[in-house]
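Student: Sequence:
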Amino acid sequence: MSKPESHAVERSVTVRAPADAVHQLVVDVERWPQLIRSVAHVERTARGAASDEVRVWAVRGHDRAVSWTSYRTLDHEARTVAFRNDPPAGPTASSGGEWRVREVDGDTSELTIRHTFVLADGVPASAAAEVAAGIEEHAAVQLGELAYAAEHREELAELTLSFEDPLFIGGSAEDSYALLYRAREWPDRFPHVTRIDMTEDEHGIQFFDMDTRTSDGRAHTTRSVRICMPHHKIVYKQISLAPLLTAHTGHWLFTETPEGVIASARHTATINPDALDLLFPGATVQDARAYLRKVLSANSVSNLRFAKEYAEERAERRARERAERQARERAEHRARETARA
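Each step along the sequence shown adds one to the number in the UniProt record's numbering, with nothing skipped, and position 42 is 42.
20 Å max Cα-Cα, derived SDA-like pairs, lysine to any residue:
{"#": "1", "residue 1": "Lys233", "residue 2": "Val59"}
{"#": "2", "residue 1": "Lys3", "residue 2": "Pro124"}
{"#": "3", "residue 1": "Lys233", "residue 2": "Arg55"}
{"#": "4", "residue 1": "Lys294", "residue 2": "Ser215"}
{"#": "5", "residue 1": "Lys233", "residue 2": "Phe208"}
{"#": "6", "residue 1": "Lys3", "residue 2": "Thr116"}
{"#": "7", "residue 1": "Lys294", "residue 2": "Ser162"}
{"#": "8", "residue 1": "Lys233", "residue 2": "Leu167"}
{"#": "9", "residue 1": "Lys233", "residue 2": "Ile205"}
{"#": "10", "residue 1": "Lys3", "residue 2": "Thr92"}
{"#": "11", "residue 1": "Lys3", "residue 2": "Gly122"}
{"#": "12", "residue 1": "Lys294", "residue 2": "Ser264"}
{"#": "13", "residue 1": "Lys3", "residue 2": "Val123"}
{"#": "14", "residue 1": "Lys294", "residue 2": "Asp165"}
{"#": "15", "residue 1": "Lys294", "residue 2": "Thr246"}
{"#": "16", "residue 1": "Lys294", "residue 2": "Gln238"}
{"#": "17", "residue 1": "Lys294", "residue 2": "Leu279"}
{"#": "18", "residue 1": "Lys233", "residue 2": "Glu174"}
{"#": "19", "residue 1": "Lys233", "residue 2": "Ile262"}
{"#": "20", "residue 1": "Lys233", "residue 2": "Glu312"}
{"#": "21", "residue 1": "Lys233", "residue 2": "Glu43"}
{"#": "22", "residue 1": "Lys233", "residue 2": "Thr257"}
{"#": "23", "residue 1": "Lys294", "residue 2": "Ala275"}
{"#": "24", "residue 1": "Lys3", "residue 2": "Ser94"}
{"#": "25", "residue 1": "Lys233", "residue 2": "Trp68"}
{"#": "26", "residue 1": "Lys233", "residue 2": "Gln34"}
{"#": "27", "residue 1": "Lys233", "residue 2": "His203"}
{"#": "28", "residue 1": "Lys233", "residue 2": "Ala178"}
{"#": "29", "residue 1": "Lys294", "residue 2": "Gly217"}
{"#": "30", "residue 1": "Lys3", "residue 2": "Asp121"}
{"#": "31", "residue 1": "Lys233", "residue 2": "Phe306"}
{"#": "32", "residue 1": "Lys233", "residue 2": "Thr45"}
{"#": "33", "residue 1": "Lys294", "residue 2": "Arg218"}
{"#": "34", "residue 1": "Lys233", "residue 2": "Arg305"}
{"#": "35", "residue 1": "Lys233", "residue 2": "Phe168"}
{"#": "36", "residue 1": "Lys233", "residue 2": "Val301"}
{"#": "37", "residue 1": "Lys233", "residue 2": "Ser302"}
Using C-beta positions, here's what the derived DEER-type ranges look like:
{"#": "38", "residue 1": "Asp188", "residue 2": "Arg153", "range": "41 to 49 Å"}
{"#": "39", "residue 1": "Ser6", "residue 2": "His62", "range": "29 to 37 Å"}
{"#": "40", "residue 1": "Asp216", "residue 2": "Glu136", "range": "43 to 51 Å"}
No lab work stands behind these hints: they were computed from the structure. Beta carbons are placed, not taken as given, at the ideal position from N, Cα and C, and that holds for glycine.
Modelling step: build the complete structure from the supplied sequences, incorporating the hints.
Tutor: Next comes the structure, spelled out in structure tokens:
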């Protein structure tokens, strides 16, 4: 039996940044949702000295998300990251490849991505050209985005703010999660949300268009994808943004404690420097950072407080019902004891 044919696609880009900085950007894959438009979320599920495993969720088109695990081998000295993806994408039986960074001079490097794949059984050989073309198109976009991030790393650090607001909830993680998961109900529950049009064709993967109004009266329409992980975390990425932003990701996180739950709302937002005048003429990046910290925090903390009210009311109701049930059981036990006496 002949060995299946392996196909390869390779593409490179010149980056005006030091090789070590570019390599680190490839290694730090958890930053990619903020830097690469198609990547919605990344979680590192295992880590070793020279290898790791990362779960990746990516957006395809307007309303579809795909997910895979990437098994990576890291060679920091050679500045390479080899990877194998499971499950393989599209009509392939296996897919993987390698990132390479080559130093050109002290301030310039070359970033290369090489993809390899084997077609699945029964797929005609002619499909290889179409698969390769899709990989090459995607690689070109991804290389461009990573090159931009490396070349503008200092500017992006100034333009990006990240913060987390925690709130204690005297209830269960399940109830706290439930209210924030049921986004269709938000216009009826959250004053700043005026409209939501949501789809959830795959359980736990939500796409929605949302109209909101900030505390200063500004109206915005955004489109988001959410990855829901009951009853622990809801991750989101805005894929159509307010004009002031070039990227916005975050999560709702629910951490159980002996007394209840710590629920937290996290935002990571990158400012669009060309839109600062939308705030007011002459606004600076620092003005935008302060504004975003205020309005994003206000909306998400408001949502957390509604979740707190909902979860604590349900917890109190269950506690009362439990106490009443136990009281009845004790009374019935005493009645039986009296009857036997």
